[in-house]
Amino acid sequence: MNSFLITLIVANVLFSYKGFNDYSFFRKYEFHTGSILSGEKIRMLTSAFLHADIAHLAFNMITLYFFAPVVIAYLGNIHFLIIYFSSLLFGSLLTLVLHKNDYNYRAIGASGAVTGILYSAILLRPDMMLGIFFIIPMPAYVFGILYLMYSIYGMRAKNDNIGHTAHFGGAIGGYLITLLFYPDLIWLQPLMVILLTIPIILLFILIKLKKL
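Quick note on the working numbering: the sequence shown kicks off at 12 and runs consecutively.
In case anyone wonders, no lab produced these hints; they're calculated from the structure.
Take the hints with a grain of salt, since some may be wrong.
[Claimed, not checked] List of simulated lysine-lysine pairs, BS3-like, C-alpha gap at most 27 Å:
#, residue 1, residue 2
1, K111, K39
2, K52, K111
3, K222, K111
No experiment lies behind these values; they were computed from the predicted model shown.
All chains, please: the whole structure from these sequences, using the hints.
Right, dumping it as structure tokens:
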């Protein structure tokens, strides 16, 4: 496995494990709108290395494990890291914008960064197939779209501590930066470029209609 990918996964596991067992540590580094607006900008980065529980951590790291090699193979290690951390920051920024008036809003998770890598990989390899639960075959682009649709549900339900809003910021970051690095995809994969914008467009329609 690529050493850059291993380092990211290990960092997420160690940071999250610390958070599982140290409540004050968790609260100090989670995304919290009021604290960020008061100057604790580091939370916009550190919150992406914390997770709600083992299942949340495992889902994000397994998704990263499967999709990161595609991005690395096509774009290289440096571009992979740029997409990962840019998607992370896009996710945090969108979350801050949408929740700037909710000073008590809290969220954690690498989902923004991971969704950025997911979207990047799908753009690069739209023919990928996944085995849901290692059994059910599903095109990767369908998984990516459904993942963001689930995120819309999570944003509306507001019944957990997962940063669903960050999924969209991450997807937008991964989408735009991948096209920046590989603009020929617009002509090579026009249908996929269009399909992957559907949940993003839906999000902004819902925001415009004040449904979120």
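Against the structure, the hints:
1. Distance restraint check for K111 and K39: the Cα-Cα separation of roughly 19 Å lies within the 27 Å cut-off, and the hinted pair is therefore satisfied.
2. With a CA separation close to 13 Å, the supplied pair K52 and K111 stays within the 27 Å bound.
3. At most 27 Å may separate the alpha-carbon atoms for a hinted pair to count; K222 and K111 meet this at roughly 16 Å.
When held up to the earlier numbered hints, the structure conflicts with none and fits them all.
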